[in-house]
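Peer 1: Sequence:
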Amino acid sequence: MKNSSNFSVLEVLVLQKLRNAGGKRKLEVLARECTKEEATIASIVEGLAEKGAVKIAKRRLTIVSLTDEGLKYAKEGLPERKILRKIVAMGGKVPLKRLTASIKMNKQMKAALGWAKKKGWIEIERDGEEQLVHALAESPPEGYDEKILKELSQSSGRISIINRVDSELQRTLQKLKARKLVKVEEKTEITIFLTKEGEEMLKQASESQVIKALTREHIVEGTWRKGYFKQYDVTAKPPEFYPGKLHVLNEITDRARQTLLFMGFEECTGSIVELEFWSFDMLFYAQEHPSRSLSEVYWIKTPNEGEVVHKELINRVKATHENGWITGSK
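Counted from 1, the sequence shown has number 242 at position 242 by UniProt numbering; the numbering is strictly sequential.
Fair warning: there could be bad hints in the mix.
Within a straight-line C-alpha distance of at most 20 angstroms, the following computed SDA-like cross-link-like pairs (lysine to any residue) qualify [as the list claims (entries may be wrong)]:
#: 1; residue 1: 187; residue 2: 67
#: 2; residue 1: 177; residue 2: 114
#: 3; residue 1: 97; residue 2: 150
#: 4; residue 1: 150; residue 2: 126
#: 5; residue 1: 318; residue 2: 306
#: 6; residue 1: 183; residue 2: 159
#: 7; residue 1: 177; residue 2: 166
#: 8; residue 1: 311; residue 2: 277
#: 9; residue 1: 183; residue 2: 60
#: 10; residue 1: 311; residue 2: 275
#: 11; residue 1: 119; residue 2: 139
#: 12; residue 1: 180; residue 2: 65
#: 13; residue 1: 118; residue 2: 60
#: 14; residue 1: 36; residue 2: 189
#: 15; residue 1: 119; residue 2: 179
#: 16; residue 1: 26; residue 2: 190
#: 17; residue 1: 24; residue 2: 59
#: 18; residue 1: 237; residue 2: 43
#: 19; residue 1: 318; residue 2: 285
#: 20; residue 1: 93; residue 2: 76
#: 21; residue 1: 86; residue 2: 55
#: 22; residue 1: 119; residue 2: 92
#: 23; residue 1: 180; residue 2: 106
#: 24; residue 1: 203; residue 2: 60
#: 25; residue 1: 36; residue 2: 197
#: 26; residue 1: 55; residue 2: 197
#: 27; residue 1: 301; residue 2: 268
#: 28; residue 1: 187; residue 2: 92
#: 29; residue 1: 183; residue 2: 93
#: 30; residue 1: 147; residue 2: 175
#: 31; residue 1: 301; residue 2: 276
Between beta-carbon pairs, the in silico distance windows are [claimed, not checked]:
#: 32; residue 1: 309; residue 2: 272; range: 30 to 40 angstroms
#: 33; residue 1: 269; residue 2: 293; range: 20 to 30 angstroms
#: 34; residue 1: 142; residue 2: 19; range: 46 to 56 angstroms
FYI, nobody ran anything at the bench for these hints, they're computed from the structure.
Positions of the beta carbon are idealized from the N, C-alpha and C atoms, including for glycine.
Between the sequences and the hints, there should be enough to build the whole structure, so can you do that?
Peer 2: Have a look at this one:
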């Protein structure tokens, strides 16, 4: 018998969930009930299996599900059967041009014509310069592919096939997959079973208290004797931490921004592309002042000029540059 003190809090939780579920649970359901990632619970379960507390059963599943197009054909019927019905309704033998004119001959219907021929439902023969489509059967029995589509539609569009599929089913699924009517996935289903030894271990663990940190009260009251301590691996490396650091230029820019805000300037936002009028002329930059080219300024080719709506403002700025306007500055 393993000592229950060797169990972690999460291991005890997994065992409790298994017991509450009657001793059996699928891995994905167990992970959901424990509100943990499936990979985390899988690791916990492997550890419990080594201790003999649980047993693990695995089996391969083939998951088949309908695509949107497959669901449509499951309800309405395959397009090759629609074509066959149309040919029969038109007399059983019809010129190909007349058939294509009577139905919406898109890419799917062209492919369906080929499938009808592959299934032996129709044949295409030449009569002089004309091609005739001849129905070989009025109402052929439901094919294996149609049965699978119907079964899928009746089971919410998804079924699980246990173990290996037979060769005929495998071929049919591959054809439906090639036609993009179904999706086929291979999956391993994992089921966990609680053993009798696991039940006994859980009973011992439940009667004890998990102590994560030893306190003064534990020692004074002696309650530490009734519990067991959570196991810690002091040799384990802690997670690596990479703190972020601002680039030195970003730090300088932010410091300048804060200084200007403290001086009373207001921060505003605008478009990336702005008229020189607002960036330079309004700020009393002289036309040939070197500051206009010292900063990171880019001029776009198209459009190469803009319009200032407030015409009077242009005159004021012009006067300020020429003679100081009412500011008295020259």
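Peer 1: Against this structure, judge whether each hint is valid.
Peer 2: Evaluated hints:
Restraint check: the Cα-Cα separation between residue 187 and residue 67 comes to about 18 angstroms, which is no more than 20 angstroms; the hinted pair holds. The suggested pairing of residue 177 with residue 114 holds, with an alpha-carbon distance near 17 angstroms, which does not exceed 20 angstroms. With a C-alpha separation of about 32 angstroms, the suggested pair residue 97 and residue 150 falls outside the 20 angstroms cut-off, and the hint is violated. The suggested pairing of residue 150 with residue 126 is violated, with an alpha-carbon distance near 36 angstroms, which exceeds 20 angstroms.
For the hint linking residue 318 to residue 306, the alpha-carbon distance of about 17 angstroms falls within 20 angstroms, and the restraint holds. Proposed proximity of residue 183 and residue 159 is supported: the alpha carbons are some 11 angstroms apart, at most 20 angstroms. For the given pair, residue 177 sits about 16 angstroms from residue 166 by alpha-carbon distance, which is consistent with the 20 angstroms threshold. About 12 angstroms separates the Cα atoms of residue 311 and residue 277, which keeps this hinted pair within 20 angstroms; it holds.
Annotation: proposed proximity of residue 183 to residue 60 holds, straight-line Cα distance about 17 angstroms (limit 20 angstroms). Simply put, residue 311 and residue 275 have alpha-carbon atoms about 14 angstroms apart, close enough for the 20 angstroms limit, and the pair holds. As the CA atoms of residue 119 and residue 139 are separated by approximately 13 angstroms, the hinted pair is consistent with the 20 angstroms bound. A C-alpha spacing of about 11 angstroms is found between residue 180 and residue 65, which places the hinted pair at or below 20 angstroms, so the restraint holds.
Straight-line distance between C-alpha atoms of residue 118 and residue 60 comes to about 33 angstroms, which puts the hinted pair past the 20 angstroms bound. This hinted pair checks out: residue 36 and residue 189 have alpha carbons roughly 18 angstroms apart, not beyond 20 angstroms. Between residue 119 and residue 179 the CA atoms are separated by roughly 15 angstroms; this keeps the pair inside 20 angstroms, and the hint holds. The hinted pair formed by residue 26 and residue 190 meets the criterion: a straight-line CA distance of about 6 angstroms does not exceed 20 angstroms.
Of the supplied pair hints, the one linking residue 24 and residue 59 holds, its CA atoms being roughly 15 angstroms apart against a limit of 20 angstroms. Straight-line distance between C-alpha atoms of residue 237 and residue 43 comes to about 18 angstroms, which keeps the hinted pair within the 20 angstroms bound. For the suggested pair residue 318 and residue 285, the alpha carbons sit about 11 angstroms apart, so the restraint of at most 20 angstroms is met. For a cut-off of 20 angstroms, the pair hint linking residue 93 to residue 76 is broken: about 24 angstroms separates their Cα positions.
Restraint check for residue 86 and residue 55: the C-alpha separation of about 58 angstroms exceeds 20 angstroms, so the hint is violated. For the given pair, residue 119 sits about 17 angstroms from residue 92 by alpha-carbon distance, which is consistent with the 20 angstroms threshold. At most 20 angstroms may separate the alpha-carbon atoms for a hinted pair to count; residue 180 and residue 106 meet this at roughly 16 angstroms. With a C-alpha separation of about 34 angstroms, the suggested pair residue 203 and residue 60 falls outside the 20 angstroms cut-off, and the hint is violated.
In summary, the hint linking residue 36 to residue 197 is not supported, as the alpha carbons are separated by about 25 angstroms, beyond the 20 angstroms threshold. For the given pair, residue 55 sits about 11 angstroms from residue 197 by alpha-carbon distance, which is consistent with the 20 angstroms threshold. At roughly 26 angstroms between alpha-carbon atoms, residue 301 and residue 268 are farther apart than 20 angstroms, so this suggested pair is violated. Pair hint residue 187 plus residue 92 does not hold up; C-alpha atoms about 46 angstroms apart against a cutoff of 20 angstroms.
Only pairs whose Cα atoms come within 20 angstroms are accepted, and residue 183 paired with residue 93 is rejected, the gap being roughly 36 angstroms. The hinted pair formed by residue 147 and residue 175 meets the criterion: a straight-line CA distance of about 14 angstroms does not exceed 20 angstroms. Only pairs whose Cα atoms come within 20 angstroms are accepted, and residue 301 paired with residue 276 is accepted, the gap being roughly 14 angstroms. Residue 309 and residue 272 have their C-beta atoms about 20 angstroms apart, which leaves the hinted 30 to 40 angstroms range violated.
Between residue 269 and residue 293, the C-beta spacing of about 25 angstroms keeps the proposed range 20 to 30 angstroms intact. The hinted window of 46 to 56 angstroms between residue 142 and residue 19 holds, with their beta carbons roughly 48 angstroms apart.
Checked against the numbered hints listed earlier, the structure breaks hints 3, 4, 13, 20, 21, 24, 25, 27, 28, 29 and 32; every other hint is satisfied.
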